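Peer 1: One-letter residues, chain by chain:
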Amino acid sequence: MPVDGIRDLTFGAQASHPGGDPFPAEIADVLGTLAKAVRAFQLYQANNPVYQRFVSAAVTAFSRLWERTPSLHLTVEEHAFCWGEERFPMGEGRESLAYQFYKDGIRYVTFLPGFEAEVEKFLAVVQRARQLEPLGGDDLVSLLWEEDFVSFQYGYVDVLAQQLALPEPGGVPIRAVDRRELELEVGAASGGFDGAAGAASTDALTTFTRDDFAETLFFLDEAELHQLQQEADREWHRDVRSDVLAALFDRLEDGSPARQDEILGILRQVLPTFLSRGDLRSAALVLRELDTVLAADVLGPAQREQVERLFTELSQPAVVSQLIGVLEQGTGAPDAEELGLFLAHLRPEALPVLIAGAERIPQAAVRERLEAATDRLAEQHPDGLRALLASGDPVVAAGAARSAGRLRLLAAAPDLERLIGHSETHVRKAAVDALVALRSSAAVAGLERALEDDDRDVRIAAAKGLAALRYQPSRARFEQVLTGRWLREADLTEKIVFFESYGTLGGAESVRLLDGILNGRGFLRRRAPAELRACAALGLGRVNTPAARAALERAATDPDAVVRSAVSRALRREEQAS
Amino acid sequence: MSTTAAPLVQGGGALQAQGMALLAALHATAQALRLYPLENATVQKALDELSLVASRIAEREDGVELRLVGDFVFLNDARLRLDLSNYVTFSFLTSALTRHGIGAITVEKGVTRDEWAPFVSLLLREDTGDGNAFQRFQERLRASPVRRIRVEEEKGAAALPRDNDEAREAAKRTYAQSVQVAREVLTDIRLGKAVNVRRVKRAVQAIVDQVLTNENSIVGMTVLRNYDEYTFTHSVNVCIFSVVLGQKLGLSKIQLYELGLGALFHDIGKMRIDPAIIGKPTALTDEEVAQIQEHPTEGLLALFSTHGLGDVPYRAMLITYEHHMRVDLKGYPRNRRPRRPTLFSRIVAIADAFDAATSKRSYQAMPWTPAEVLREMRDNPARGFDPLLVKAFINVTGVYPIGTLAILDTYELAVVVQPNPDPRRLSQPIVKIIADPMGIPLAQPITADLSEIDPATGYYRRTIIKTTDPEKYGINIGDYFV
Chain V
35 MPVDGIRDLT FGAQASHPGG DPFPAEIADV LGTLAKAVRA FQLYQANNPV
85 YQRFVSAAVT AFSRLWERTP SLHLTVEEHA FCWGEERFPM GEGRESLAYQ
135 FYKDGIRYVT FLPGFEAEVE KFLAVVQRAR QLEPLGGDDL VSLLWEEDFV
185 SFQYGYVDVL AQQLALPEPG GVPIRAVDRR ELELEVGAAS GGFDGAAGAA
235 STDALTTFTR DDFAETLFFL DEAELHQLQQ EADREWHRDV RSDVLAALFD
285 RLEDGSPARQ DEILGILRQV LPTFLSRGDL RSAALVLREL DTVLAADVLG
335 PAQREQVERL FTELSQPAVV SQLIGVLEQG TGAPDAEELG LFLAHLRPEA
385 LPVLIAGAER IPQAAVRERL EAATDRLAEQ HPDGLRALLA SGDPVVAAGA
435 ARSAGRLRLL AAAPDLERLI GHSETHVRKA AVDALVALRS SAAVAGLERA
485 LEDDDRDVRI AAAKGLAALR YQPSRARFEQ VLTGRWLREA DLTEKIVFFE
535 SYGTLGGAES VRLLDGILNG RGFLRRRAPA ELRACAALGL GRVNTPAARA
585 ALERAATDPD AVVRSAVSRA LRREEQAS
Chain C
6 MSTTAAPLVQ GGGALQAQGM ALLAALHATA QALRLYPLEN ATVQKALDEL
56 SLVASRIAER EDGVELRLVG DFVFLNDARL RLDLSNYVTF SFLTSALTRH
106 GIGAITVEKG VTRDEWAPFV SLLLREDTGD GNAFQRFQER LRASPVRRIR
156 VEEEKGAAAL PRDNDEAREA AKRTYAQSVQ VAREVLTDIR LGKAVNVRRV
206 KRAVQAIVDQ VLTNENSIVG MTVLRNYDEY TFTHSVNVCI FSVVLGQKLG
256 LSKIQLYELG LGALFHDIGK MRIDPAIIGK PTALTDEEVA QIQEHPTEGL
306 LALFSTHGLG DVPYRAMLIT YEHHMRVDLK GYPRNRRPRR PTLFSRIVAI
356 ADAFDAATSK RSYQAMPWTP AEVLREMRDN PARGFDPLLV KAFINVTGVY
406 PIGTLAILDT YELAVVVQPN PDPRRLSQPI VKIIADPMGI PLAQPITADL
456 SEIDPATGYY RRTIIKTTDP EKYGINIGDY FV
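Chains V and C, in that order, are what the protein sequence lines are. One gets the numbering used here by counting positions in the first sequence from 1 and adding 34 to each. One gets the numbering used here by counting positions in the second sequence from 1 and adding 5 to each.
In short, the hints are calculated from the structure, not lab data. Please read all numbers here as calculations on a predicted model, not as lab measurements. Errors might be hidden in some of the hints.
[Stated by the list, open to error] Heads up, simulated DSSO-like pairs for lysine-lysine below, C-alpha to C-alpha not over 30 Å straight-line:
#1 C:LYS285 with C:LYS396
#2 V:LYS137 with C:LYS258
#3 C:LYS198 with V:LYS137
[Claimed, not checked] Cβ pair distances, simulated, as ranges:
#4 V:LYS155 with C:ALA288: 49 to 59 Å
#5 C:GLU70 with V:ARG302: 51 to 61 Å
#6 V:ALA80 with C:SER96: 32 to 42 Å
#7 V:LEU169 with C:ASP279: 44 to 54 Å
[What the hints assert, rightly or not] So these bits of chain C aren't anywhere near chain V, every CB distance computed over 10 Å:
#8 ASP214
#9 GLU234
#10 GLU293
#11 ALA295
Here a beta-carbon is modelled for each residue, glycine too, at the ideal position from N, C-alpha and C.
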């Protein structure tokens with residue numbers, strides 16, 4: 035808008051107002067409420083009632099103002115807004131709204147009806163401007179420009195542009211042109227086009243007739259314009275970073291060592307930037323391409339070493355833990371696939387941090403990616419993983435155990451067995467789970483040891499694990515437990531697990547003991563406690579042999595309802611199994 | 006003359022927003038009337054909205070005039086901006102007005118809601134008769150109950166708001182500031198100093214504003230070839246041409262800004278090439294050509310090393326890197342990975358080539374005429390420009406771009422000052438006649454529309470028969486634009 039345009043919108047300095055004296059008070063009210071709303075925007079979330087009250091007050095104040103005037107034009111001083119002769123101080127500090135405008139060169143502001151709908155956008159811009167880096171690329175003027183306000187205008191001065199020489203006419207009058215000179219030029223050109231030999235003169239080239247540019251050929255029809263507009267729209271929404279990176283890698287591959295150094299320097303710069311912005315896709319792209327470049331063997335020795343160093347640095351616990359920190363806070367909310375792509379390029383140094391991250395991250399999708407990355411590295415470096423099983427950090431030890439289990443790393447069985455003696459329950463539990471996952475006799479010793487663990491869950495996991503392995507030699511260890519004292523004091527669930535596990539593991543060999551508990555009588559012909567008998571019935575239900583069935587049927591009419599119920603459940607299961 | 010501290014006024018697109026709302030309401034009403042009877046609630050609601058929006062503008066602006074000039078729609082004096090969100094409403098209005106030969110719709114204060122339904126219905130009608138469509142529309146309008154909505158016949162370029170001193174001053178200031186910023190930035194890059202990104206932003210934002218509000222004046226500045234060193238003016242000119250073309254494609258303000266920023270930086274890589282080679286007036290050796298061809302890559306690297314990534318958008322980097330690549334990828338730098346130059350890069354490639362070829366440079370004593378460049382871009386696919394964008398560019402510049410010196414069939418000498426806004430008259434620009442048929446310079450140049458027909462003969466009053474080199478006649482074209 036032209037500079038003088040501001041006068042058309044001015045109401046204030048020169049304009050009279052119908053309301054007389056009260057009007058400055060209303061302006062003061064408007065500016066006061068606006069300043070309070072700015073402050074509220076700084077302090078509260080948008081859904082906070084206090085903030086909403088201040089915004090509402092500002093909207094009301096402006097709405098009231100428009101009943102008196104079609105616009106409000108104010109000049110800006112360092113610490114005040116001015117309406118004609120009236121001055122409205124806005125405070126002396128850097129937080130003053132007037133100062134904020136003034137320091138960025140804004141000298142006039144005009145509010146128009148409709149500003150009410152833009153108040154919050156205005157507050158957001160003011161707040162953004164307050165948070166800008168002093169020497170950054172933006173200021174209040176550029177932010178206001180980007181927002182394209184409809185009902186708010188501002189005039190600014192560019193101090194650096196003052197006294198700038200503007201282009202002016204040269205002042206040299208053109209000479210009179212001889213008509214014959216023109217005729218000659220036109221004639222010569224015509225001759226050229228008429229086919230004069232060697233007519234490729236400048237004159238010929240610069241001669242045009244309307245036929246050279248038949249308009250119909252250049253009429254951009256709606257479909258063509260639409261096509262271009264659609265392309266513009268697509269391109270605007272496309273992430274062009276990958277194109278920029280592709281350019282860098284193209285030139286990295288064919289550049290001189292000096293250029294390669296520069297590009298590698300840039301990549302070292304952009305990687306943390308991508309990571310800090312949660313742009314793992316771009317970060318992954320950089321790493322993937324660096325891997326490609328390494329494989330292509332186009333780098334000099336020094337540059338190759340730089341790349342290797344970059345990978346190593348990136349995989350350092352201190353670096354990876356930052357990423358994990360962001361993931362843990364959930365602030366980045368990265369795409370799991372992108373995370374996977376990135377993690378795929380980390381080196382073994384990252385293993386402990388990845389393991390710990392996978393243990394802590396609550397989001398299942400992210401956790402899966404971390405586990406996948408852990409497993410990839412662990413598979414490549416099993417010794418590294420085994421070393422981590424002895425980690426002093428219980429979180430790492432537990433995570434390493436889980437990874438060993440997922441990978442069925444048999445070599446880790448002794449390390450896992452050692453973990454059964456770990457002081458932390460969750461580590462012992464992880465070790466048991468891992469031992470179970472090994473599905474090997476190598477895991478048995480550890481699992482048997484875990485049957486006596488202090489923690490119920492660990493014991494249960496071990497029992498289930500041994501049952502799954504069906505490792506017959508463990509039967510004796512189960513019989514010790516089942517006939518021992520402590521199981522009788524365990525809760526029902528644990529009892530059931532142990533009896534069912536024993537039935538599963540022992541098969542036909544387990545019937546004698548279970549039948550004895552269910553149907554037998556002990557000292558003074560007393561039966562075992564009903565709960566224990568019921569558990570024995572459930573154990574028999576897992577055996578699935580005629581003897582087991584016969585034992586169950588014998589107890590089918592037991593006078594104890596708990597036992598009867600368990601027996602019928604076991605029989606049903608057996609029927610289903612057979 | 007130098008600039009003063011007079012403030013530059015920004016923001017406040019009130020009329021713009023109202024215009025968009027009016028077009029949207031008109032379009033919605035037309036759509037509703039097309040589908041439903043008048044009593045239908047959708048129609049009634051659309052009429053309510055249209056009446057409200059129009060009355061509000063009429064009250065505030067003391068009347069409403071929607072004027073169609075070529076591709077452009079003006080609300081009163083404000084040219085409404087076409088973008089992706091509103092091109093359908095533009096399209097509806099322009100096709101309806103063109104169909105009936107209407108150049109402008111004027112709405113008086115006090116227009117009632119009941120007048121809108123018959124008016125929009127008339128706009129929707131197909132015109133099947135021969136001869137003057139506008140007259141038939143007028144007759145139907147007179148017979149209707151519409152009293153406060155009037156129409157004017159299409160007048161072509163004559164209806165276009167003319168360049169004025171105020172607009173020209175604003176354009177001069179923007180241009181001068183932009184050249185200064187380009188000089189500072191490019192020099193800082195050469196010296197390896199930090200760039201004042203804030204100033205760059207303001208410069209590009211100002212150019213975008215000028216293009217959106219004052220296109221012809223700012224484009225006129227690009228002919229000031231001798232105003233300053235080529236490198237700096239070229240950067241600014243490419244920025245201006247790119248933004249103008251981007252605007253034609255309906256890019257938003259922010260998109261135009263990014264395009265302009267990339268355009269301003271497009272040759273930044275040359276600052277890292279030996280100045281002796283850049284300014285060498287004689288033929289370059291193969292080695293020197295190879296060095297020059299490194300400037301897009303150098304530009305990309307310069308933008309990385311000179312700015313924080315938050316300051317320079319990636320799009321600008323791509324523009325810098327791809328502007329010599331050509332659509333067939335046979336330009337430079339060569340690609341090892343799959344790539345298609347972005348639309349923005351292809352736009353800047355055209356703007357760059359156009360300005361470079363029409364400028365006098367160390368190794369180009371005789372610049373091409375603007376028309377010659379357009380023809381080359383159009384006819385020589387080996388140049389590698391996007392043909393559709395070249396077409397769009399010619400639609401923006403006209404066949405004879407601003408600054409072209411032309412000999413008319415009257416043997417008057419004329420400078421093209423504005424393309425004809427009617428896309429059907431691309432070769433009939435608005436010119437300033439600077440010398441009469443006898444070759445005598447005119448003290449006060451006369452503005453003429455070359456699409457104007459002499460009623461006595463039924464032929465065009467004036468036609469360009471040849472474009473020519475201004476230097477041949479000692480003419481400084483820039484003098485007619487400042």
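Peer 1: Go through the numbered hints given earlier and state which of them the structure violates, listing their numbers in rising order.
Peer 2: Going through the list in order, the structure violates hints 1, 7 and 8 and respects the others.
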